[in-house]
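Each chain is listed here by its residues.
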Amino acid sequence: DGGITQSPKYLFRKEGQNVTLSCEQNLNHDAMYWYRQDPGQGLRLIYYSQIVNDFQKGDIAEGYSVSREKKESFPLTVTSAQKNPTAFYLCASSMGLLAGGYNEQFFGPGTRLTVL
Amino acid sequence: KQEVTQIPAALSVPEGENLVLNCSFTDSAIYNLQWFRQDPGKGLTSLLLIQSSQREQTSGRLNASLDKSSGRSTLYIAASQPGDSATYLCAVRQWNYGQNFVFGPGTRLSVLP
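Those protein sequences? They're chains A and B, same order as listed. Number 116 marks the last residue of the first sequence (my numbering); no jumps. Number 113 marks the last residue of the second sequence (my numbering); no jumps.
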C-alpha cells in the first residue's frame, strides 16, 4: 500500500524547544516537500528536496531545518528560532521533472504543531 | 514570481447545482496544474492533474480545464452533493523557480442538503 506517512499527528512544544516532524514515503519519488498551512490560508513552501543529499530553502525557511539522507525520508526540525511555529504541517512527494510523466504531487495526512 | 489566485474564496450552494471554481496564475511557464480537495484537519487529496499540453481532464462529476495562454483553470462540479463540501485548492508546477508547486489560497465550498 503506497503512500506518505507523517508522525506524530499532534505535537506540542514548549517555548525554546526543538521538535522534529517525521515524513516517510514508499512511492519511490525523488522529490519531497514540506509546507506550512495556517488557518484560512493556502500552503507555503518551507523546504524541498529534488534528490537525496540535496535540499533547498522555500519561501519561509527561517527557523526550520531538514535533512535528506534517504530517498524515503525527509524529516523537518522546527527550531526555537521559529517565532510562531503553531500551524498545520504537510509533507508531500512527487517524481522529479526529469523523470517525465504526470508528476502528480501526493500528500501525507499532516502534523498539527502547537506551542504551549 | 508565480502567483496563484482562486475565486471565489467561499461558496455556498444547494444540493444538485452545477458549479465552477476558478484558478488564475501569472506565469504561463508551467509544467502542469493540479486540483486538490482538503477536508478540515486533513491532508490534500488529488482530484485532477492537467499537463500543460492538455486542455481538460475529467473524473466522474469533475471536469478541469486549462487555458495556459490566459493563465486560467476552472474546476466544474456537476450535480453537487453535501459530500462535496470541502476546500478546493489549485496548484501549478513551474518550469522555473526550483520547479516547485505554487498553491492558491483555496475555495471553501459548502453544499447544503
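Among these hints, one or two may not hold up.
Selected chain B positions facing chain A (Cβ under 7 Å, derived; list incomplete) [what the hints assert, rightly or not]:
| no. | residue |
| --- | --- |
| 1 | Ala29 |
| 2 | Gly43 |
| 3 | Ser46 |
| 4 | Leu47 |
| 5 | Tyr76 |
| 6 | Ala79 |
| 7 | Ala86 |
| 8 | Phe103 |
| 9 | Ser110 |
Hints listed in this document are in silico derivations from the structure and should not be mistaken for laboratory results. Backbone N, C-alpha and C define an ideal beta-carbon position, used for all residues, glycine too.
* Run the structure past the numbered hints and jot down the numbers of the failing ones, going up. => 1, 4, 5, 6, 7 and 9
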